[in-house]
Amino acid sequence: MDERLQKALEFSNYNLTITNEKRNIKNRVNQLQIVHHSGGVFLAQPETIAFVKALIDLEYKESIIIDTKENPIRISDLKELLEKLVNAYTSATQEFEVEYNKIRKSRSIKSIMGW
Amino acid sequence: MDQQYEGKGVCFFAYNNEEIDYVKLATLCARYVKHFLNVEVCLITDEGSYHWLKESQKEYYKEFFDYVVITDDQMKKNVRNHFDSPWTQFPAQFSNSNKHRVYEYSPFEQTLLLDIDYIVKTDFLNRVWELEGVAMFDKAASLRNDSPHFNERYLYDAGVKMWWSTVIYFDRSNESKLFFDLWSHVAENYDFYQFLYNFPGKLFRTDYCVSVATHILNGMIDSDFVNSIDDKMYYMDQKDDWIESHSIQEWIMLANDLDKNWENILCNHRNLDVHVMNKRALDRQWEPLMEYFNEL
Numbered sequence: 001m002d003e004r005l006q007k008a009l010e011f012s013n014y015n016l017t018i019t020n021e022k023r024n025i026k027n028r029v030n031q032l033q034i035v036h037h038s039g040g041v042f043l044a045q046p047e048t049i050a051f052v053k054a055l056i057d058l059e060y061k062e063s064i065i066i067d068t069k070e071n072p073i074r075i076s077d078l079k080e081l082l083e084k085l086v087n088a089y090t091s092a093t094q095e096f097e098v099e100y101n102k103i104r105k106s107r108s109i110k111s112i113m114g115w
Numbered sequence: 001m002d003q004q005y006e007g008k009g010v011c012f013f014a015y016n017n018e019e020i021d022y023v024k025l026a027t028l029c030a031r032y033v034k035h036f037l038n039v040e041v042c043l044i045t046d047e048g049s050y051h052w053l054k055e056s057q058k059e060y061y062k063e064f065f066d067y068v069v070i071t072d073d074q075m076k077k078n079v080r081n082h083f084d085s086p087w088t089q090f091p092a093q094f095s096n097s098n099k100h101r102v103y104e105y106s107p108f109e110q111t112l113l114l115d116i117d118y119i120v121k122t123d124f125l126n127r128v129w130e131l132e133g134v135a136m137f138d139k140a141a142s143l144r145n146d147s148p149h150f151n152e153r154y155l156y157d158a159g160v161k162m163w164w165s166t167v168i169y170f171d172r173s174n175e176s177k178l179f180f181d182l183w184s185h186v187a188e189n190y191d192f193y194q195f196l197y198n199f200p201g202k203l204f205r206t207d208y209c210v211s212v213a214t215h216i217l218n219g220m221i222d223s224d225f226v227n228s229i230d231d232k233m234y235y236m237d238q239k240d241d242w243i244e245s246h247s248i249q250e251w252i253m254l255a256n257d258l259d260k261n262w263e264n265i266l267c268n269h270r271n272l273d274v275h276v277m278n279k280r281a282l283d284r285q286w287e288p289l290m291e292y293f294n295e296l
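Protein sequences, first through last, are from chains A and B. The first sequence: position 63 = 63 (our numbering), numbered continuously. The second sequence: position 294 = 294 (our numbering), numbered continuously.
FYI, nobody ran anything at the bench for these hints, they're computed from the structure. In this text, all values refer to a predicted model and were calculated from it rather than measured experimentally. Treat the hints loosely; a few may be bogus.
Calculated lysine to aspartate or glutamate pairs in the EDC-like style (CA-CA distance at most 20 Å, straight line) [as the list claims (entries may be wrong)]: (1) B/Lys260 - A/Glu59; (2) A/Lys26 - B/Asp123; (3) A/Lys7 - A/Glu47; (4) A/Lys69 - B/Asp224.
Could you put the whole structure together from the sequences, leaning on the hints where they help?
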C-alpha cells in the first residue's frame with residue numbers, strides 16, 4: 001500500500017475512535033444536565049438557567065415553566081429550581097472538562113484506552 | 001386479602017438454560033444495583049435455577065437478593081440465536097413469556113424491572129422513582145453511538161415506534177395495571193398482533209408486546225401514556241466484544257461494524273449504564289468485575 005494512504009488510514013482509525021469517545025463523554029454530560037423538579041424534567045443549560053434567573057430578577061417567586069416534555073410545570077420556589085439547575089450544570093461541565101482533557105492529551109488509541 | 005406492596009426496588013427475571021447461567025449474571029447485576037441505586041432487589045426465578053443459585057453463589061446470593069420469587073409458569077418454546085462476537089453463535093431457549101407477570105410478582109410499590117444484562121454503572125435510574133405510571137426507553141444507541149437498525153426503531157414498516165422492555169419502571173397506579181393487563185393480552189394473542197402490526201421474526205419478543213400495548217393505550221398515535229426515560233438506552237451489540245475491565249465502571253470494548261464484520265473500533269466505555277447483549281462476554285468478565293467490587 002502507498003505509505004501516504006497507509007498513514008492516512010491509521011490516522012482515520014484513530015480519529016474514528018477519538019470521535020466516538022467524545023460522543024460517549026457528551027452522552028454522560030447530557031445525563032448529568034437532566035434535572036427532575038416538581039414532576040417536570042428540565043435541562044440544565046444556559047438558556048434555562050438564564051430564564052429562571054430573569055424571572056427571579058423580575059421578583060417572581062413562583063411561575064409556570066414548560067419542561068422538556070412540553071408540559072406546564074408550576075414551580076413554587078424558583079430559587080430552589082435555579083440552585084438545582086446551576087448545580088447540575090456545573091457538575092456536568094466539570095466532568096466534561098476533566099474527561100475532555102484526558103482525551104485531548106491522548107496521542108494514541110492506546111492512551112485513550114488507558115494502556 | 002390484597003397483597004401489600006412496599007417501598008421501591010429492582011426486579012430481575014432469571015431462568016437458566018443449558019447455555020446461559022442467568023442467575024450468575026443476575027448476581028453481578030444485583031451487585032451493581034445495590035452499589036449504584038442502593039435499593040432492594042428481587043429475583044424472580046424457577047425452582048431449578050434457584051437451587052443452582054444457592055449452590056453456585058453461596059457467598060453472594062443472600063447479600064444481593066432481598067427477595068426471591070419462585071415461579072412455575074409454563075414457558076413458550078422460544079429459541080433465540082445468540083452471537084458472541086461475529087464469529088460465534090449458539091441457539092438457546094429464551095424464557096420471557098411471563099415477563100408481564102412482574103406486576104404480580106414484584107413485592108414493591110415502585111418497581112424497576114431490569115434485564116439481567118442491563119448493567120447499572122451510575123445512579124441515573126434513581127430518577128425514575130419520581131415518575132408516575134410506566135416508564136421505558138424509546139431510544140437506543142450502540143457502542144459506536146449509532147441508532148439501531150430501522151426495524152429496531154419501528155415495528156417494521158407499520159411505522160409504530162419501538163419501546164424497549166429491557167428497563168421498565170412502574171408504580172401501582174391504575175395506568176400501570178391497564179398497561180400490564182394489555183401486555184398480557186398481547187402476549188396471549190401474539191400471532192394476531194404480529195399479523196396486525198407486521199413486525200418480523202419468529203422469536204417472541206416482549207419489546208414488541210410493550211410497543212403494541214403502548215401504541216394502543218396512546219390512542220393509536222404517538223403520545224405520552226408511557227413516560228419516555230430521559231436518555232437513550234446504551235447497548236453493546238451481541239457482535240461487539242469485551243476486552244477487559246479497568247474498574248467496575250470503566251470497560252474496554254470492541255465495537256463491531258455490523259456492515260463490515262471484520263472491522264472494529266476500540267471503545268473505553270465508562271460512567272454510563274449499558275445493556276450488554278453479548279451475554280457470554282458478560283460472563284467472561286464476571287470474575288474480574290466481582291474482584292473489583294471485593295477490592296472496594
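Hint by hint, here is what the structure shows:
Between B/Lys260 and A/Glu59 the alpha-carbon distance is near 60 Å, which puts this suggested pair outside the 20 Å criterion. The hinted pair formed by A/Lys26 and B/Asp123 meets the criterion: a straight-line CA distance of about 17 Å does not exceed 20 Å. Between the alpha carbons of A/Lys7 and A/Glu47 the distance comes to roughly 43 Å, so the proposed pair goes past 20 Å and is violated. Using a Cα cut-off of 20 Å, the hinted pair A/Lys69 and B/Asp224 holds, with the two alpha carbons roughly 9 Å apart.
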